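Asker: First to last, the protein sequences are chains E and U.
All letters in the first sequence, in the order written, are residues 46 to 250 by the working numbering.
All letters in the second sequence, in the order written, are residues 46 to 250 by the working numbering.
Be aware that a few hints might be false.
Which copy is meant is left open, so a pair is good if it fits within one copy or across any two.
[Claimed, not checked] Below, simulated EDC-like cross-link-like pairs (lysine to aspartate or glutamate); rule was C-alpha separation at most 16 Å, straight line: (1) K144 x E237; (2) K204 x E79; (3) K125 x D207; (4) K144 x D188; (5) K92 x D157; (6) K98 x E79; (7) K199 x D149; (8) K125 x E195; (9) K199 x E124; (10) K174 x E79; (11) K144 x D192; (12) K204 x D121; (13) K144 x E195; (14) K98 x D149; (15) K199 x D121; (16) K111 x E168; (17) K125 x D149; (18) K98 x E124.
Since the hints were derived computationally from the structure, they do not count as laboratory data.
These figures come from a predicted structure and were not determined experimentally.
2 protein chains.
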Amino acid sequence: MGKNPKRNRETLESTQEMSKCILKNKQFNSEEAEEIIQAIRIENHPKGSILLKEGEVAKDCYLLMKGCVRQYFLVDGVEKTTFFFVEEQGFSSFKSAAKGIPSDHFLECIEDCTLAVLSVQKELELYQKYPNFESLSRSGLEDQLGDYQEMLAKFITSKPEDRYLDLLENRPELINRIPQYQLASYLGVSPETLSRIRKRIFLKK
Amino acid sequence: MGKNPKRNRETLESTQEMSKCILKNKQFNSEEAEEIIQAIRIENHPKGSILLKEGEVAKDCYLLMKGCVRQYFLVDGVEKTTFFFVEEQGFSSFKSAAKGIPSDHFLECIEDCTLAVLSVQKELELYQKYPNFESLSRSGLEDQLGDYQEMLAKFITSKPEDRYLDLLENRPELINRIPQYQLASYLGVSPETLSRIRKRIFLKK
DNA sequence: TTTCTTTCTTGACAAACGTCAATGAAAGTC
DNA sequence: GACTTTCATTGACGTTTGTCAAGAAAGAAA
Chain E
46 MGKNPKRNRE TLESTQEMSK CILKNKQFNS EEAEEIIQAI RIENHPKGSI
96 LLKEGEVAKD CYLLMKGCVR QYFLVDGVEK TTFFFVEEQG FSSFKSAAKG
146 IPSDHFLECI EDCTLAVLSV QKELELYQKY PNFESLSRSG LEDQLGDYQE
196 MLAKFITSKP EDRYLDLLEN RPELINRIPQ YQLASYLGVS PETLSRIRKR
246 IFLKK
Chain U
46 MGKNPKRNRE TLESTQEMSK CILKNKQFNS EEAEEIIQAI RIENHPKGSI
96 LLKEGEVAKD CYLLMKGCVR QYFLVDGVEK TTFFFVEEQG FSSFKSAAKG
146 IPSDHFLECI EDCTLAVLSV QKELELYQKY PNFESLSRSG LEDQLGDYQE
196 MLAKFITSKP EDRYLDLLEN RPELINRIPQ YQLASYLGVS PETLSRIRKR
246 IFLKK
């Protein structure tokens with residue numbers, strides 16, 4: 046599954062879309078953009094396929110064009126979901142990719158996914174060649190780091206119910222797309238508790 | 046407090062130490078290193094001083110040479126601690142600094158601190174001038190992002206008691222340096238609960 | 001459709017947590 | 001030294017959560 050990504054009409058459209066995304070960026074001239082586009086491959090992975098297993102070394106970084114990817118840990122045989130990536134989000138298993146160490150988590154497509162994939166090796170080459178590309182990456186990393194600082198802070202400072210309300214407000218699309226037991230795990234509670242939290246909220250209105 | 050940092054023997058030593066840290070990095074020639082060192086100023090802030098207030102726009106990024114800095118939010122009049130920075134750690138309020146928006150949190154020196162400070166503006170200039178410097182920054186950001194991914198995952202997947210045990214194992218120095226009520230907040234529980242958790246752990250041994 | 005599987009809900013009970021209040025201990029101040 | 005302030009501990013009680021188990025609802029497959 047997912048080992049042999051299809052090359053179809055959707056793939057071509059995604060390539061064009063991704064290309065536009067890079068070309069519109071004024072930091073790049075057409076030559077640079079061309080080489081970057083060449084380095085990126087589009088992959089389609091069906092729902093349920095695993096992009097990265099625990100123990101494997103991450104070799105790629107991703108830009109999600111369509112679908113949803115779940116990051117989870119296996120703790121005492123139980124899956125603990127820690128993140129959902131959706132459209133337009135770029136991501137990688139940084140610890141594993143940057144240091145070449147085995148990943149401690151899994152990445153799973155929980156919907157049919159279309160991904161723009163760039164190998165870490167190629168990425169480094171592009172950094173060397175085009176400082177503008179590294180600049181774009183640094184800036185993106187700063188944004189993401191800001192997001193993570195914020196998420197961690199929210200998680201520390203709020204209760205499960207508040208976190209669910211926060212999700213309702215800031216990422217409502219997740220609630221309809223994602224199985225409730227995975228959302229529960231993401232909120233740090235059991236599926237039963239999330240069910241009760243939903244009931245409590247419903248009764249309050 | 047902290048508005049008028051002292052220039053003393055300690056400051057000079059810190060400058061030398063920081064300079065060595067940059068010079069030893071083989072990515073830089075002496076000219077580059079010199080300019081970077083010139084751009085960085087050393088500041089001493091006494092215990093209790095605030096580096097950044099909620100509502101202010103972050104203009105600097107920091108490298109902590111000595112002491113400990115606490116990040117906290119003010120939620121309904123209660124301080125919620127979300128991070129402790131210690132020696133050798135570089136940090137910034139990324140969201141605020143990168144986007145020029147007001148900070149949603151505070152940064153407080155909870156010990157007498159010696160900091161290497163670089164303004165965001167100067168930082169961007171150095172990136173423009175020396176791609177190697179931006180490269181160093183990108184790499185550092187990736188490391189930090191990996192750390193944050195890991196921390197968030199740990200927080201989601203573990204209970205308060207596990208988090209305390211984790212702290213005992215991985216950052217034991219924090220436990221003796223930091224008031225317990227701030228640690229409790231950092232672990233996401235009330236001071237009373239942390240006190241009881243410690244008792245439980247003690248009884249188990 | 002029917003059947004099977006997966007997911008969600010509900011109940012019951014024990015464990016853990018938050019809050020309020022009181023007490024103790026430690027550190028700093030006069 | 002005595003005093004004040006701050007921080008840590010302990011008890012009591014109500015709320016929330018986890019777990020186990022059973023049943024309902026929703027999807028997928030035959």
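Asker: For each hint, tell me whether it holds in the structure or not.
Answerer: Against the structure, the hints come out as follows:
1. In the homo-oligomer, the alpha carbons of K144 and E237 never lie at most 16 Å apart, since the shortest distance is 38 Å inside one protomer and 40 Å across protomers.
2. Proximity of K204 and E79 under a CA criterion of 16 Å is satisfied in neither setting, with 48 Å inside one chain copy and 49 Å between copies.
3. With identical chains, the CA atoms of K125 and D207 are at most 16 Å apart between copies only, with a shortest distance of 15 Å across copies and 20 Å within one.
4. Proximity of K144 to D188 under the C-alpha cut-off of 16 Å is restricted to the inter-copy arrangement: shortest distance 9 Å between copies versus 21 Å within a copy.
5. In this homomeric assembly, K92 and D157 come within 16 Å of each other (Cα to Cα) only inside a single copy, at 4 Å, whereas the closest approach across copies is 53 Å.
6. With identical chains, the CA atoms of K98 and E79 are never at most 16 Å apart, being 32 Å at best within one copy and 45 Å at best between copies.
7. Taking the shortest alpha-carbon separations for K199 and D149, only the inter-copy value of 11 Å comes in at or below 16 Å, while the best intra-copy value is 23 Å.
8. Taking CA atoms no more than 16 Å apart as the test, K125 paired with E195 passes between copies only; the shortest distance there is 13 Å, against 20 Å inside one copy.
9. For the homomeric pair K199 and E124, the shortest alpha-carbon distance between copies (13 Å) is at most 16 Å, but the shortest distance inside one copy (22 Å) is not.
10. Taking the shortest alpha-carbon separations for K174 and E79, only the intra-copy value of 13 Å comes in at or below 16 Å, while the best inter-copy value is 25 Å.
11. Taking identical chains as interchangeable, the C-alpha atoms of K144 and D192 lie at most 16 Å apart only when they sit on different chains, with a minimum of 12 Å there against 22 Å within one chain.
12. With identical chains, the CA atoms of K204 and D121 are at most 16 Å apart between copies only, with a shortest distance of 14 Å across copies and 24 Å within one.
13. Proximity of K144 and E195 under a CA criterion of 16 Å is satisfied inter-copy only: 14 Å between copies versus 25 Å inside one chain copy.
14. Taking the closest pair of Cα atoms, K98 and D149 come within 16 Å of each other only inside a single copy of the chain (8 Å); across copies the shortest separation is 36 Å, beyond that limit.
15. Only between protomers do K199 and D121 lie at most 16 Å apart by alpha-carbon distance; the minimum there is 14 Å, versus 26 Å within a single protomer.
16. Taking the shortest alpha-carbon separations for K111 and E168, neither the intra-copy value of 22 Å nor the inter-copy value of 35 Å comes in at or below 16 Å.
17. Taking the shortest alpha-carbon separations for K125 and D149, only the intra-copy value of 12 Å comes in at or below 16 Å, while the best inter-copy value is 29 Å.
18. In this homomeric assembly, K98 and E124 come within 16 Å of each other (Cα to Cα) only inside a single copy, at 13 Å, whereas the closest approach across copies is 39 Å.
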